[in-house]
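**Student:** Chains as they are written, first to last, in the working numbering: chain A, 23 to 249; chain B, 23 to 249.
Treat the hints as calculated values from the structure; they're not laboratory data.
Hints are not guaranteed to be accurate.
Copies of the same chain look alike in the list, so a pair counts if it works inside one copy or between any two.
Under the rule of at most 16 Å between Cα atoms (straight-line distance), these lysine to aspartate or glutamate pairs were calculated in the EDC-like manner [stated by the list, open to error]:
hint, residue 1, residue 2
1, K81, D122
2, K189, D122
3, K81, E98
4, K189, E117
5, K81, E117
6, K189, E34
7, K189, D38
8, K81, E25
What you are looking at is a predicted structure, and each value in this text was computed from that prediction instead of being measured.
Protein chains: 2
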Amino acid sequence: MIEIVPLRGVPEVTPDADLAALLIASARAAGGFRELDVVVVTQKVVSKAEGRLVPASEKRAAIDSESVRVLRRQGEMLISETRHGFVCANAGVDESNVPDGNIALLPVDCDASARRLRSRLQHLAGVDVAVIISDTFGRAWRVGQTDVAIGVAGIEPFNDYVGTPDKQGRIMTATRICVADELAGAAELAMGKTDAICAAIVRGATVTRGRAAATEIVRPPEQDLFR
Amino acid sequence: MIEIVPLRGVPEVTPDADLAALLIASARAAGGFRELDVVVVTQKVVSKAEGRLVPASEKRAAIDSESVRVLRRQGEMLISETRHGFVCANAGVDESNVPDGNIALLPVDCDASARRLRSRLQHLAGVDVAVIISDTFGRAWRVGQTDVAIGVAGIEPFNDYVGTPDKQGRIMTATRICVADELAGAAELAMGKTDAICAAIVRGATVTRGRAAATEIVRPPEQDLFR
Chain A
23 MIEIVPLRGV PEVTPDADLA ALLIASARAA GGFRELDVVV VTQKVVSKAE
73 GRLVPASEKR AAIDSESVRV LRRQGEMLIS ETRHGFVCAN AGVDESNVPD
123 GNIALLPVDC DASARRLRSR LQHLAGVDVA VIISDTFGRA WRVGQTDVAI
173 GVAGIEPFND YVGTPDKQGR IMTATRICVA DELAGAAELA MGKTDAICAA
223 IVRGATVTRG RAAATEIVRP PEQDLFR
Chain B
23 MIEIVPLRGV PEVTPDADLA ALLIASARAA GGFRELDVVV VTQKVVSKAE
73 GRLVPASEKR AAIDSESVRV LRRQGEMLIS ETRHGFVCAN AGVDESNVPD
123 GNIALLPVDC DASARRLRSR LQHLAGVDVA VIISDTFGRA WRVGQTDVAI
173 GVAGIEPFND YVGTPDKQGR IMTATRICVA DELAGAAELA MGKTDAICAA
223 IVRGATVTRG RAAATEIVRP PEQDLFR
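Generate coordinates for the entire structure from the input sequences, incorporating the hints supplied.
**Tutor:** Here it is in structure tokens:
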């Protein structure tokens with residue numbers, strides 16, 4: 023069985039905050055962190071802790087500067103590629119759940135942010151957890167958004183079945199499940215968007231330990247049929 | 023807290039099987055179904071129960087006949103639009119986890135399949151559950167696949183925040199979370215691809231009761247920037 027536990031009561035995070043310590047305090051109500059827990063933290067709170075806020079008046083300039091390439095334009099909204107390689111609306115720049123008059127940018131290096139947070143959690147809590155930084159992205163062809171992984175530390179982003187047999191013994195040739203995105207989406211189910219919950223623990227999922235990164239989830243442009 | 027419980031021990035499903043009865047028997051080990059449980063069932067097992075298998079020798083013809091439009095072609099693989107409107111590899115036709123010499127097609131009407139299964143589960147178990155039929159789809163821009171919802175019965179596919187305030191009181195204008203896809207992906211985390219687990223319960227997620235359908239997740243072509 024898998025459990026998804028929202029971490030409640032984390033106070034508004036500022037650039038001087040020790041996010042790991044706040045998460046640990048919040049996790050006490052859930053019995054604390056355990057070995058192999060996947061700690062999913064929203065981009066918004068990581069960006070706040072890293073001081074990645076700018077005045078809302080600079081939104082247009084921020085979106086332009088965070089975009090390395092524009093794929094589509096629809097009214098005020100761009101679908102663009104960020105310097106990390108992510109394709110999303112407005113290069114991940116948005117104002118929801120940030121202090122009035124500000125907008126939040128994505129972390130400069132989301133995987134490095136995940137690694138730092140994981141390291142600090144391990145230092146303070148003394149257990150080996152994985153960290154995923156999640157953000158809410160739209161998709162081609164399907165309405166609405168889901169939370170996906172933009173930073174990963176401590177686990178492989180994929181459960182890769184290529185070359186392994188299915189239950190009929192047939193070798194699978196293409197099945198490579200992006201569990202990091204499924205974990206981010208599962209955590210969103212426990213966090214919602216209005217309750218000021220910025221993190222959740224996913225406990226009991228089959229994941230593979232590894233020194234991996236969310237940048238591996240970015241499809242290389244030369245293999246991408248839709249970029 | 024959300025729990026995701028895999029349903030183990032469902033035998034190989036054939037066209038004369040009562041899938042609802044098999045799921046109920048399997049759910050006994052998890053204490054049975056409860057009100058508001060979301061029962062996620064893989065497309066493959068639904069297709070088997072509905073006799074949507076054809077000989078593997080007809081694969082190319084089946085893919086062509088299941089596709090209403092081809093978006094991209096890469097070697098043997100098509101990215102095409104199914105008659106339901108889903109954009110996926112090979113119109114959802116594949117051979118993994120089906121009896122040797124066969125391939126499985128998507129259900130003819132995945133939402134109708136979900137409604138029938140929900141109705142039968144309610145009849146046999148006496149509780150009001152929701153049903154999601156899941157399938158494993160690739161995505162534009164991101165490597166790997168995740169499980170998404172292709173059939174929905176009993177819940178709204180979206181948690182729609184458009185017009186509601188965020189925690190700063192700012193009205194959200196675009197946030198419409200496709201919880202059906204997140205639920206399908208969360209269930210995949212508990213099922214995996216090799217253990218012959220064809221269903222899981224997601225219990226405790228915030229969902230909205232409703233007479234909804236997965237076809238609502240299909241982005242209308244005229245609003246789709248990438249079709």
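**Student:** Evaluate each hint against the coordinates.
**Tutor:** Evaluated hints:
{"no.": "1", "hint": "K81 <-> D122", "in the structure": "within (13 Å within a copy, 56 Å between copies)"}
{"no.": "2", "hint": "K189 <-> D122", "in the structure": "between (54 Å within a copy, 11 Å between copies)"}
{"no.": "3", "hint": "K81 <-> E98", "in the structure": "within (11 Å within a copy, 44 Å between copies)"}
{"no.": "4", "hint": "K189 <-> E117", "in the structure": "between (47 Å within a copy, 11 Å between copies)"}
{"no.": "5", "hint": "K81 <-> E117", "in the structure": "within (9 Å within a copy, 48 Å between copies)"}
{"no.": "6", "hint": "K189 <-> E34", "in the structure": "between (48 Å within a copy, 11 Å between copies)"}
{"no.": "7", "hint": "K189 <-> D38", "in the structure": "neither (52 Å within a copy, 21 Å between copies)"}
{"no.": "8", "hint": "K81 <-> E25", "in the structure": "neither (38 Å within a copy, 39 Å between copies)"}
Violated hints for the displayed structure, listed by number in ascending order: 7, 8.
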